Amino acid sequence: MSTFPRPPEGSWTAHYPQLGTGRVSFEDSVSPEFYELERDAIFRRAWLNVGRVNDLPRNGTYFTKELAAARTSLLVTRDMDGEIRAFHNVCRHRGNKLVWSGTPRQESCGAGRQFVCKYHGWRYGLDGGCTYVHQEDEFFGIDKALLGLAAVHCDVWAGFIFVNLAPTPAQTLREYLGPMVTPLEGFPFHLMTERYSFCAENASNWKVFIDAFQEYYHVPPLHTHQLGPAFRNPEATFEGAHYQLDGPHRMVSTSGTRKHTFPAEHLYPSELLMRSGNTGPWDAPDLGQHVAGVNPAGVAQWGIDNYQIFPNLEIIVYERGWYLSYRFWPTSRNTHVFEADLWFVPATTARERLAREYAAVTVKEYALQDAGTLDGTQMGLEARAFTDFPLNDQEILVRHFHKTVADWVREHQQALAAAR
Amino acid sequence: MTPTVTITADGETFDVPQRDSLTILLLARRAGLCVPSMCELGNCGSCIARVDEGSVEMHRNGVLTPEDVDAGWILTCQAVPTTSTVSVVYGL
Amino acid sequence: MSARLLPAEFADLEPYARTWCLPTEPERWERRLASTMDEMHGFYDACFPRAEAAIVYLDGVELAAMPDDATRLLEMLCSLALVSYVVEVWQQSLPIDTGSARIDRISEPRP
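The listed protein sequences derive, respectively, from chains A, B and C.
For the first sequence, the residue numbers in the numbering used here are 38 to 457.
For the second sequence, the residue numbers in the numbering used here are 2 to 93.
For the third sequence, the residue numbers in the numbering used here are 2 to 112.
Careful: at least some of the hints might be erroneous.
[Claimed, not checked] Just a sample of chain C residues kept apart from chain A, beta carbon distances all over 12 angstroms, derived:
1. Glu15
2. Ala18
3. Glu40
4. Ala47
[What the hints assert, rightly or not] Here are a few chain A residues that sit away from chain C, every Cβ distance over 10 angstroms (derived from the structure):
5. Tyr72
6. Arg89
7. Ala105
8. Ile121
9. Pro141
10. Asp192
11. Pro257
12. Gly340
13. Thr399
14. Asp425
[As the list claims (entries may be wrong)] Under 10 angstroms between C-beta atoms, here's a sample of chain A residues computed to sit facing chain B:
15. Arg95
16. Gly149
17. Val153
By construction, these hints were calculated from the structure, which means they are not laboratory data.
What you are looking at is a predicted structure, and each value in this text was computed from that prediction instead of being measured.
Positions of the beta carbon are idealized from the N, C-alpha and C atoms, including for glycine.
The shape of chain A in the complex, shown without the other chains (with noise of 0.2 angstroms):
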C-alpha cells in the first residue's frame, strides 16, 4: 500500500509507457565502444554544466576545465565587462595548451587580463581574441582578428555555466533545460555563497554512480547507520513522493524524514550537538519570499528535490534552505571524477560554522559508502554473469537515464549514417 499517490496507470513506470517495465541492460556501463560512441553522441553534442558564476567571482577571471570524455581542456572566461565566455583551452599557433598551472594535467584557476602562451608568446584576450603574434612579420599572410581562440557555446542558467560543443547546439540552453526544470530558477541559488567542495576519483563507469544518486530505494540497507541502532528497522522501506520526467531529465521529490523534528533518543549526540545531519543544518535560513520553483507536486512535509540534469549534472535543493550539485565526469569506460560543491547561506556565528561542517562531513561519510559499494558494483557487471537486470517502480529514474543515454548515442549513429 503506497503512502504516496501514484499515477492513474499504478506506476510511476507506467506513467510513462515508452519506458517499459522489462528488465534493462547495463552493458552501456561496461563496454568500451559504447564508451567511444558515448564520447561524441553525448559529451560533444549536449550542454554541459562546468562551473558556476561563483568560480568567476570578478571580472578578469578565469578557469579551465578538464573534459577527458570529449578530449578536450576548456577555458572560461569573466572579461572585464562580466561577459563569460567559453573556449578550448589551445593556442591557435602550434596548438600548445594554453593555460595550465603547475601541470597541464590538472585544472587552474585565477586572475589575468590576457592570456600568454608560454611557449611562443602568443597573447589572447578575456574574449579570446588574439592580441600579440610575437616576430608577426615573419609569418606569411597572417591576420591577427582571425587568430583568436576556438570559441565553444556558452550560456548561464541561474548562475550555472553551462557548454556546448556542437558546432551548432540542437537547442538553446533554455530549451534544452526544458519546462520540467527551468522553474528551479526560482530558488535562490545566488545566496548561497558559502561553499564545500570534494573531489573524488571513482573506479566505476559515470552512469553506475548516477544511479546511485537517483533512487534512495537503497538507503535503507546501505546507509543503514544512518539512524542509531535502536531505531534500525531492516523492513525500512523508500518510496518518493513524486516522480518527473522531461525529455532527456528527470527529477524526485521526497518527504519525510525531517531530522530536525525527530526526538532527541533517535538522533546521535554530535546530530544533537552541531544542530545538523544528513539533511543538513537544522536551523533554515530566513530565505524570505525568494523562494519558488520547488516541490513541483506540492507534496506534504516535503524534503527534498533531486533533479537530474541530463547528462550529468543532479541538483538537490533541500527544504532546510541549502542546495548541492554533483557532476560525474567520464575519465574511462570504468572510471571518473566525481565533483561535489555543497553551498550554504553563509554563516555569521560559530554555530552556523558548525552545522555546515557538520553537514559536509556527513555528505562525505555516506557518499564513501556509495563510492566503496560502486567500485564493487561496477566490477559484478564486468562480470557478465548477468546481461539484464529487473528495476522497480523506485528506480524508475535509472531506467530512464539509461534509455535516454542509449536514445543519444542511438540517434547520433542513424545522423551519422545519413550523412555519409
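Go by the hints and put chains B and C onto chain A.
Showing chains B and C alone in chain A's frame:
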C-alpha cells in the same frame, strides 16, 4: 631593521626579507609561498596584487591601466620594492 | 613552557590542541586516519562534554575577525565533527563499506 615585504596570500600573512633586487613574485616564491603567475613578462596580469603599504617600481607593465595603478594594483612579477616596508595582498 | 593555544577557559582541552586544532579538513581527515581508536575516544570524551560551552563562547566572537586562540577552538570542534562519526556511528576509522574509495575536500571556508 631588515627591509621587508609583508605578503598576504590564501588568508595567511608572511614577512619576507627583501633581497638584492628580487621582484615581489620571486621573493614570495623563494619564501615557499604559492602565489599565482603565468607569463612572468608583465603581459597577462595573473600575478596581480595590491600594495597596501610602501611602494614598488615595475620593470614593465603590459596590462594595467593608469586607474589600476592609481588604485594600488601591481604586477608582482615586475615589481621591485622601493621602500624598506612594503605590504601586498594577493587574491582580492 | 609552550604557549597556550586555546582560550584560557578551555585550558582543560590544551592536551588535545596540538593534535586536533587543524585548519583544513584534509589535515583533520589525515589525523583521523593516523589516530588510534583509543586516541580518538580520549579526544571525544574530553571535548564533547565541553563542546556546547565552546560554541557559546565562540558565538560571542565575531566569526570574520576571530583571534587565533578562538580560531583554534573552532578548528578543534571541526575535528570533533569528524571524530564523532568514528566514535558514535562506525566504531572504526572509516565508514563501513568505504572499501578502496577516497573523497577529498578541496574547498571550504576559513575559519
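Open item on the list: Under the constraints set out in the numbered hints, which ones does this structure not fulfil?
Closed with: 13
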